[in-house]
Amino acid sequence: MTVTNLDNSKARTQQPALMRTEQLSLSYGKKIAFEDVSIAINQSKITALVGPSGCGKSSFLSCLNRLTDLIDNCRVTGRIFLEKWDVMNRNIDTIALRRRVGHIFQKPNPFPLDLWKNIAFPLKEHGVKNRQEIDSIVERVLKDVGLWDEVKDRLKDSALALSGGQQQRLCIARALALEPEVLLMDEPCSALDPISSGVVEDLIASLRQKYALLVVTHNLAQAKRIADYVGVFWVRDNRGKLIEFGEAKQVFESPQHDLTAAYISGHRG
Amino acid sequence: MTWLEDKISSPSKLNKSSQFDWDWVLVWVLRIMAAITGAIVLLIVIFLILESLPFLLVKGIGPFFTDPTWNPTEGLYNFTPMLWGTLLATMGSVVVATPLGIISALFCQYYAPVAMGNLYRRLIELLAGIPSVVYGFWGLVVLVPLINRLHPPGASLLAGIIILTIMILPTIALVADASFGKVPQEYLLGATSLGLSKWGTICNVVFPAAKSGLFTGVILTVGRAIGETMAVLMVCGNVVETPSSIFDPIRTLTANIALEMAYALGNHRSALFVSGLALMAIIVLLAVAAEVITVTSSPVTKNS
Amino acid sequence: MKQEIIKSPISTILVWLVAVLVTGTFAWILGDIIFHGVGGISWEFLTTAPEDAGRSGGIGPILVSTGLILAVAMGVSVPLGVGTAILLAEFTSATNWFGRFVRRSLDILAGVPSIVFGLFGNAFFAKTLGLGFSILSGGLTLACMVLPILIRSAEEGLRGVPDELRLGAAALGLSRTTTLFHLLLPAAIPGLLVGLVLGIGRAIAETAALVFTSGYVARMPQSLLDSGRSLSIHIFDLSMNISGGDTNAYGSALVLVILLLMINATAAWLAHQSSSKYNDSYQFR
Numbered sequence: 001m002t003v004t005n006l007d008n009s010k011a012r013t014q015q016p017a018l019m020r021t022e023q024l025s026l027s028y029g030k031k032i033a034f035e036d037v038s039i040a041i042n043q044s045k046i047t048a049l050v051g052p053s054g055c056g057k058s059s060f061l062s063c064l065n066r067l068t069d070l071i072d073n074c075r076v077t078g079r080i081f082l083e084k085w086d087v088m089n090r091n092i093d094t095i096a097l098r099r100r101v102g103h104i105f106q107k108p109n110p111f112p113l114d115l116w117k118n119i120a121f122p123l124k125e126h127g128v129k130n131r132q133e134i135d136s137i138v139e140r141v142l143k144d145v146g147l148w149d150e151v152k153d154r155l156k157d158s159a160l161a162l163s164g165g166q167q168q169r170l171c172i173a174r175a176l177a178l179e180p181e182v183l184l185m186d187e188p189c190s191a192l193d194p195i196s197s198g199v200v201e202d203l204i205a206s207l208r209q210k211y212a213l214l215v216v217t218h219n220l221a222q223a224k225r226i227a228d229y230v231g232v233f234w235v236r237d238n239r240g241k242l243i244e245f246g247e248a249k250q251v252f253e254s255p256q257h258d259l260t261a262a263y264i265s266g267h268r269g
Numbered sequence: 001m002t003w004l005e006d007k008i009s010s011p012s013k014l015n016k017s018s019q020f021d022w023d024w025v026l027v028w029v030l031r032i033m034a035a036i037t038g039a040i041v042l043l044i045v046i047f048l049i050l051e052s053l054p055f056l057l058v059k060g061i062g063p064f065f066t067d068p069t070w071n072p073t074e075g076l077y078n079f080t081p082m083l084w085g086t087l088l089a090t091m092g093s094v095v096v097a098t099p100l101g102i103i104s105a106l107f108c109q110y111y112a113p114v115a116m117g118n119l120y121r122r123l124i125e126l127l128a129g130i131p132s133v134v135y136g137f138w139g140l141v142v143l144v145p146l147i148n149r150l151h152p153p154g155a156s157l158l159a160g161i162i163i164l165t166i167m168i169l170p171t172i173a174l175v176a177d178a179s180f181g182k183v184p185q186e187y188l189l190g191a192t193s194l195g196l197s198k199w200g201t202i203c204n205v206v207f208p209a210a211k212s213g214l215f216t217g218v219i220l221t222v223g224r225a226i227g228e229t230m231a232v233l234m235v236c237g238n239v240v241e242t243p244s245s246i247f248d249p250i251r252t253l254t255a256n257i258a259l260e261m262a263y264a265l266g267n268h269r270s271a272l273f274v275s276g277l278a279l280m281a282i283i284v285l286l287a288v289a290a291e292v293i294t295v296t297s298s299p300v301t302k303n304s
Numbered sequence: 001m002k003q004e005i006i007k008s009p010i011s012t013i014l015v016w017l018v019a020v021l022v023t024g025t026f027a028w029i030l031g032d033i034i035f036h037g038v039g040g041i042s043w044e045f046l047t048t049a050p051e052d053a054g055r056s057g058g059i060g061p062i063l064v065s066t067g068l069i070l071a072v073a074m075g076v077s078v079p080l081g082v083g084t085a086i087l088l089a090e091f092t093s094a095t096n097w098f099g100r101f102v103r104r105s106l107d108i109l110a111g112v113p114s115i116v117f118g119l120f121g122n123a124f125f126a127k128t129l130g131l132g133f134s135i136l137s138g139g140l141t142l143a144c145m146v147l148p149i150l151i152r153s154a155e156e157g158l159r160g161v162p163d164e165l166r167l168g169a170a171a172l173g174l175s176r177t178t179t180l181f182h183l184l185l186p187a188a189i190p191g192l193l194v195g196l197v198l199g200i201g202r203a204i205a206e207t208a209a210l211v212f213t214s215g216y217v218a219r220m221p222q223s224l225l226d227s228g229r230s231l232s233i234h235i236f237d238l239s240m241n242i243s244g245g246d247t248n249a250y251g252s253a254l255v256l257v258i259l260l261l262m263i264n265a266t267a268a269w270l271a272h273q274s275s276s277k278y279n280d281s282y283q284f285r
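Chains Y, S and A supply the protein sequences, listed in that same order.
Using this note's numbering, the first residue of the first sequence is number 1, and each one after it goes up by one.
Using this note's numbering, the first residue of the second sequence is number 1, and each one after it goes up by one.
Using this note's numbering, the first residue of the third sequence is number 1, and each one after it goes up by one.
Keep in mind that the hints were calculated from the coordinates and are not lab data.
There's no promise every hint is true.
[Claimed, not checked] Derived SDA-like pairs (lysine to any residue); straight-line CA-CA distance at most 25 Å:
#, chain 1, residue 1, chain 2, residue 2
1, S, LYS198, A, SER11
2, Y, LYS30, A, THR95
3, A, LYS127, S, LYS198
4, A, LYS127, S, GLU260
5, S, LYS182, A, SER42
6, S, LYS198, S, LEU119
7, Y, LYS156, A, PRO190
8, Y, LYS129, Y, GLU139
9, Y, LYS249, Y, GLY164
10, A, LYS127, S, ALA281
11, Y, LYS117, A, SER93
12, Y, LYS156, A, HIS182
13, Y, LYS152, A, VAL64
14, Y, LYS117, A, ILE10
15, Y, LYS84, Y, SER59
16, Y, LYS84, Y, LYS31
17, Y, LYS124, Y, ASP93
18, S, LYS211, A, ILE13
19, Y, LYS31, A, ILE13
20, A, LYS127, S, ASP21
21, Y, LYS124, Y, ILE134
22, Y, LYS30, S, ILE49
23, Y, LYS124, A, SER175
24, S, LYS211, A, ILE10
25, Y, LYS117, Y, SER163
26, Y, LYS124, S, ASP21
27, Y, LYS143, Y, SER59
28, Y, LYS156, A, PRO186
29, Y, LYS156, A, PRO162
30, Y, LYS210, Y, GLN132
31, Y, LYS107, A, GLU164
32, Y, LYS156, Y, ASP93
33, A, LYS127, S, ALA264
34, Y, LYS129, S, ASP23
35, Y, LYS107, Y, GLY54
36, Y, LYS124, A, ASP163
37, Y, LYS117, Y, ILE134
38, S, LYS59, S, HIS268
Construct all of the structure, not just a fragment, from the sequences and the given hints.
What follows is the structure, given as structure tokens:
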């Protein structure tokens, strides 16, 4: 774990972390999904979490915006901070938290409403009532995700009629409309065909400017292409651990941990 | 997926925001509704007991078995003939309906062509939905005269058993059909590849795997048969007498309540509530039995 | 099929025989009701009041009473049932003691004989609450009776809504109230309707629970506190207590059976609608 802390402090000297976790652990009943994960997420950077499946990467994401509140039988310990805000506090306003921390899922999950409502309905719930303002936000975020030209004439069609890649971009647009600071992405490309996957990946890279992104992926090549920082999860003693965390270049070119080296060169995982 | 917020160990305290919390209101409104729903069973038991107490406190349960006969106007409260009536009608119909229902389900699942099986299943569902008063009416105008020609008076234990059989057969058939449907396809393929015949497969593979579902179905059906009132009331003759043959008329506990409640007063009314309480107790026991069977035998079905 | 008959002739023949027997019995009952009842049904029969204790005349007031009893029963049980189903499906974990208590009592409630509901309705609604023999007493008694069916279907409808929607809504910072009313309930509506229709079917078929709660009076009801005779009680009374009432009893029985067939068909159609809705859109996984 010394490596992790070293890298964290190095990252911190460059800029203060927007969001960080300290010794975060999660268990389902008696089974520990992951434990002792401490990382920092920075503004305008893409942080990628890689590792074999089943090591708790997705569960880790769900902690950061407290989606774990919805999952039966799970328990989270440790600390999470969004700037100075204690995310793990029981009485925190989770609605405000989730507005600041957006979440994109592996499988696109548009609401069974029309395209326009998919974006406008959460906005309205967050207090944006002016129709013109909503319209302009809808147009802006759909342009941001490159969907505007494809769908501008059919905003009243059901979102479920879109292709998988379009649905995923709509979900990203829906999250962007709420102007989050952090975007959590849980294998956002893995349920898509190769072409849509490429489009969504380019979109993620372009979002780097404005947001802090935390992307879970098991596609190492993708992590190499887009990530500024990389964390490597591994399963040890039947529980997930963060075995390495650092700048992407350093992790990929001179990994500190044997397992990371084996994983990156394709010998393990 | 539920929405609970006790998943975290909170290291710090923060006062809840003072904003009005609609979620909190919603959850409490729903809890109150669910509490009302859950309380109905308790209310039923409480009122049955309250209405039974005047009789039980004064006379106890002795008279229900030791009085010479059931004649409330003269203060005689022997339930035994009605207990026999209920017991015989229930047993008779369950014994006849169980094999018929199970075979019906086998027909749907394994013997009929798919389209015919679905049609037959739809027919059984329709049968299950027909009101008991319609069955009773048909029994009264068609079945009872037929039995009367065979052996007077017609309105009899036999008529009750036949009508009850027709009424509970759909329940058994539907539950059996559902539990056969859950038997994994691999079991059947495995058995067939071993060269077992269809009937052999059913006896050796399907029945053991669906056992707990079938038991539960039969228990549900027993409850249904015991509780059935109108149809039995209409075809059984309702004479308070322990039957000596299948052609004798009988009166069941439920029919007794339906017949006498309208004019019953005082101890008589109270005695009728005691029989209602007894019915309720039997139903609860059957529910517990069904639960025990489901719980104890489900791991077995998984492993086998 | 021919080979199988040669292989295991007795069992196969037996199974087909039972199927034919059951189908035959059903056809006999239904045929008898239709054959004798169809002549009696006319617009006049459906709208006029019964005369001569029901031997002649129609079933107008009885249909009105039946409708009112159903309206009371469903008006009370639907909000209560849907609320309970929402709590059980969305807000209670499987291990919660309160959820387990409610579920357990619903299981028992589903098995309580209708005559016991009648006793309870008579003691509680008619006597203790002072509603007397009235449409209100009968309707409230039936409301208790149909709750388990309603709740089960409503719960199934809600559980059929994919979890992706709940997670997606929560991740966007939508409150539970919003998620429920804007996303979950609209998606669960077909399931809720199936429950409603099945509940109506159970209530309309009921007789024993009504005999001493809503009563026998065959006049046109003036208010919910009047006694009103339901269609099922009318059939019972005509066939058991009125000699020469069989013709009109057949007519009434046919009306009841037709109503129930329509209700069943609606439920089957709705169930089909709800099962196809999400499987189509969320099928890739």
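Which numbered hints does this structure break?
3, 5, 9, 11, 13, 14, 16, 19, 20, 22, 27 and 32
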